[in-house]
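Visitor: Residue numbers for the sequence shown follow our numbering, beginning at 1 and rising by one.
Derived by calculation from the structure, the hints in this document are not laboratory data.
Some hints here could point you the wrong way.
[Said to hold, decoys possible] Calculated lysine-lysine pairs in the DSS-like style (CA-CA distance at most 25 angstroms, straight line): (1) Lys74 with Lys16; (2) Lys48 with Lys68; (3) Lys52 with Lys16; (4) Lys16 with Lys48; (5) Lys52 with Lys74.
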Amino acid sequence: MSITYIGVGSNLGNRKENIFRAIDILSEAGIMIRERSSLHETEPWGIKDQPKFLNMVLEGETDQEPAKLLETLK
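Given the sequences, and given the hints that come with them, work out the whole structure.
Guide: As structure tokens, then:
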């Protein structure tokens with residue numbers, strides 16, 4: 001198993017619900033979430049004319065190879 005760190009965020013709809021749904025999807029894909037940060041609200045970067053983001057960082061374990069993990073995250 002390898003340790004991975006994944007940033008998740010949302011700025012549309014129910015942002016918090018979107019993030020926790022993403023965690024569920026990652027778990028269903030075989031990524032064991034070990035730790036998670038608190039939620040952080042941030043200003044948009046680049047294109048400023050959009051809602052603020054809600055973000056979280058996850059620490060997980062997976063047996064997926066890097067290319068497969070990237071595919072899973074997309």
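Visitor: Does each hint fit the structure? Answer for all of them.
Guide: A quick look at each hint next to the structure:
no.: 1; hint: Lys74 with Lys16; result: 19 angstroms, holds
no.: 2; hint: Lys48 with Lys68; result: 33 angstroms, violated
no.: 3; hint: Lys52 with Lys16; result: 12 angstroms, holds
no.: 4; hint: Lys16 with Lys48; result: 21 angstroms, holds
no.: 5; hint: Lys52 with Lys74; result: 22 angstroms, holds
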